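Peer 1: In case you want the letters, here they are:
Protein chains: 2
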Amino acid sequence: MAEIAVLGHGVVGSGVLEVLLSHRDSITRRAKEEIDVKYILDLREFPELSYAGLFTKDFECIRSDPDVKIVVECMGGLEPAYTYAKACLTSGKSFVTSNKELVAAKGAELLALAQKNNLNFLFEASVGGGIPIIRPISQCLAANEVSEIAGILNGTTNFILTKMIREHMAFADALSLAQQLGYAERDPSADVEGADACRKICILASLAFGSHVYPEQVHTEGITKITLEDVAYADAWGGVIKLIGEVKMGENGKISIQVAPMFISRESPLCNVDDVFNGIMVRGDATGDVMFYGKGAGKLPTASAVVADVIDCVKHFKARKYLFWEDAKPDYVEPIGAVPGDCFVRVRGEGSSDEAFAAAETVFPGAVRIIRREEEPGEAGFSVTEVTADKLDEGFARLSSMGVRVLGRIIISDY
Amino acid sequence: MAEIAVLGHGVVGSGVLEVLLSHRDSITRRAKEEIDVKYILDLREFPELSYAGLFTKDFECIRSDPDVKIVVECMGGLEPAYTYAKACLTSGKSFVTSNKELVAAKGAELLALAQKNNLNFLFEASVGGGIPIIRPISQCLAANEVSEIAGILNGTTNFILTKMIREHMAFADALSLAQQLGYAERDPSADVEGADACRKICILASLAFGSHVYPEQVHTEGITKITLEDVAYADAWGGVIKLIGEVKMGENGKISIQVAPMFISRESPLCNVDDVFNGIMVRGDATGDVMFYGKGAGKLPTASAVVADVIDCVKHFKARKYLFWEDAKPDYVEPIGAVPGDCFVRVRGEGSSDEAFAAAETVFPGAVRIIRREEEPGEAGFSVTEVTADKLDEGFARLSSMGVRVLGRIIISDY
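Going line by line, the protein sequences match chains A and B. Take any residue in the first sequence, note its place counting from 1, add 81, and you have its number in my numbering. Take any residue in the second sequence, note its place counting from 1, add 81, and you have its number in my numbering.
Don't read these hints as lab results, they were simulated from the structure. As the structure is a prediction and not an experimental result, all values here were calculated from the model. Mixed in with the good hints there might be a few duds.
So the derived label-pair ranges between C-beta atoms look like this [said to hold, decoys possible]: (1) B:Glu-115 <-> A:Asp-117: 36 to 46 Å; (2) B:Met-82 <-> A:Lys-410: 23 to 33 Å; (3) A:Pro-411 <-> B:Gly-331: 26 to 36 Å; (4) A:Pro-411 <-> B:Glu-115: 48 to 58 Å; (5) A:Gly-331 <-> B:Arg-450: 54 to 64 Å; (6) A:Lys-113 <-> B:Arg-479: 54 to 64 Å; (7) B:Thr-137 <-> A:Gly-173: 41 to 51 Å; (8) A:Ser-292 <-> B:Asn-333: 27 to 37 Å; (9) A:Asp-495 <-> B:Asp-268: 33 to 43 Å; (10) A:Thr-466 <-> B:Gly-291: 49 to 59 Å; (11) A:Pro-411 <-> B:Gly-291: 48 to 58 Å; (12) A:Gly-173 <-> B:His-397: 17 to 27 Å.
By construction, the Cβ of each residue, glycine as well, lies at the ideal position given by its N, Cα and C atoms.
So that you can see chain A by itself, here it is in the shape it has in the complex (with noise of 0.2 Å):
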């Protein structure tokens, strides 16, 4: 038998509970072992539930308690989960997270120290909730050099995203839709300006590629200026808008990194992952593009993931798994206004719109003009190729001083 404890009795911690009971049988035969818990660290108390008698306020007598070998945290926020980690790490215990805040700014230094002291740190429910992707990236493309991931990683930008694109909601209309439904939080700011994305990126960049890219790295940018005029763009240029998080490896060695919303083509199969879903995309030398789509987020979903990781733990007390990257090197991360890509830029002029591109041409050679319907007089909406964004604000600057102010800009991605 195989004791674990459970910090943190909340939607992620209760459905752990509840897949572990509810798939007892299948659970042992795959883990080859019965899964039991001996403690729930949480400071409520639940004396309702089946299992009341198992909360505990004392993350000490976890701690010190021999018989718990696997430690699975579900409390979210940086502390007391790090204190707790190391705590656990340096105790003998394994140490199982959904945690994403606590993966992306101390996963190296947690993966060290569980390799010193041949114990496992796994965190599959930190990225994409239920999606397998952590493993399939460590493990399945093992033979296979990942070159860039790519990925819708926030269901509640996603749903908002959706919602403006399908019904023509406005953003604030559809980001009080998701509060209603439970989708975002009160103070929904880590979704919607690209905090949570940007944790799951560096998670993905960082095993990836075998450095630890920290979320202040990388450039992010969240959906709050995002107009239902740039879903109508988007639309005219054969697309959607989607917030997407992506790593590239360089032939330098250096990574360019961000969190942004960006032009997605109707081509692509990110541009169907829609509403809450996740979808995540890792191109490789070997295998090509592989996608792994699913419920990014939610109870249960994220909770099968964790009880997926504890399996793992007790199928491997002897042999450890290996996940592992090192901590950050320096000049890793290329500063991101010098990368080129292709961009999609909106203007509005003092004259026409056919003068407001003429302008734009002048200043971006080589622009596409893209009209929308019910393009307002004035405004004109093009694409740029091959651009860093250094260079888009120099000639946004000269836009500027003729007369051409710049409404937006979205990155056009290539996915």
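Guided by the hints, dock chain B onto chain A, whose structure is given.
Peer 2: Below, chain B alone, put in the same frame as chain A:
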């Protein structure tokens, strides 16, 4: 150092050598041991290759060499692959294969043999080429009951259908283009008649539900009867035609399984799986729908999946991978004629289209008419819901007696 042998130096076998040689460092790092090819079995000779000295025509020298711990089979076809697999698994060698015919026909037997001898029998590359699917189903989804799997499992037919849908190419022309491009064999029957997809859904069904399903037990239809008229009707209905392999677990513990062309809605993530790509959707009680997408065939994707299995074998010399199913159970596969579902039907009467549809409505009350562009005189298309194949056949006989001929029928999926 881990020594292996590769059986067959065709497309996949030579790809395995290419991947092993070109990724030597990263593979060694991941396997924690160097992987060295000691023999390559092939009846042909390749004197121009840098590793020409490894070739042998004698399987016995591989079988009897105690240094060879893993044998990789990339020959395809049931024999001699099956004989070699048994010989290896009884001679202390783990066996890795990309051969779906072998796994679909002999999986249960070879898994039992591997278990008995404490060896591994791995076959990630047999389904979905470079897409990780066998491992995610068996591991990542361990804490989750799978209820259903549906996939676009054959790249050749998907390429042909994509050409029919996008470029209105007739079936015969699209097939001949696929042959020119090397996507279809000179004798394309295993692909276009559905046998290849059938083997793959058998493997997935066996793995997900624990009992072997043999190809002979599966109702299998190919795409040879699909016309551009059907494609136009699918478009008018709101989707596309895809060749789907699907298996569902019923509440009575029996499975319904089939391979057939189906209407897939434009909202489905399977809809954008185009050209030679495969997409496999796994529906679980905790995870919801998870989809895996990528190139389902090809030299390097398939070879990289084979090599990932080899790495896994090397890492698990002592701990066996949990991958197992039992032999077939009697009465386990539901007769497909008794399983209700939605269906599209295309008919032609001797009078007008309206008259043809009126006849259809008397036979199938509640039928919903679908009108395609350029509908021909007397032709009518319609959908019926929740009807069994047996009931359809009865209805078709009645229609025929009313002078209305059935031109075709296609399942409407709910994915």
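Peer 1: All hints are to be evaluated individually against the structure, with a verdict given for each.
Peer 2: Now the hints, each set against the structure:
no.: 1; hint: B:Glu-115 <-> A:Asp-117: 36 to 46 Å; result: 40 Å, holds
no.: 2; hint: B:Met-82 <-> A:Lys-410: 23 to 33 Å; result: 31 Å, holds
no.: 3; hint: A:Pro-411 <-> B:Gly-331: 26 to 36 Å; result: 59 Å, violated
no.: 4; hint: A:Pro-411 <-> B:Glu-115: 48 to 58 Å; result: 31 Å, violated
no.: 5; hint: A:Gly-331 <-> B:Arg-450: 54 to 64 Å; result: 56 Å, holds
no.: 6; hint: A:Lys-113 <-> B:Arg-479: 54 to 64 Å; result: 56 Å, holds
no.: 7; hint: B:Thr-137 <-> A:Gly-173: 41 to 51 Å; result: 49 Å, holds
no.: 8; hint: A:Ser-292 <-> B:Asn-333: 27 to 37 Å; result: 53 Å, violated
no.: 9; hint: A:Asp-495 <-> B:Asp-268: 33 to 43 Å; result: 38 Å, holds
no.: 10; hint: A:Thr-466 <-> B:Gly-291: 49 to 59 Å; result: 53 Å, holds
no.: 11; hint: A:Pro-411 <-> B:Gly-291: 48 to 58 Å; result: 51 Å, holds
no.: 12; hint: A:Gly-173 <-> B:His-397: 17 to 27 Å; result: 23 Å, holds
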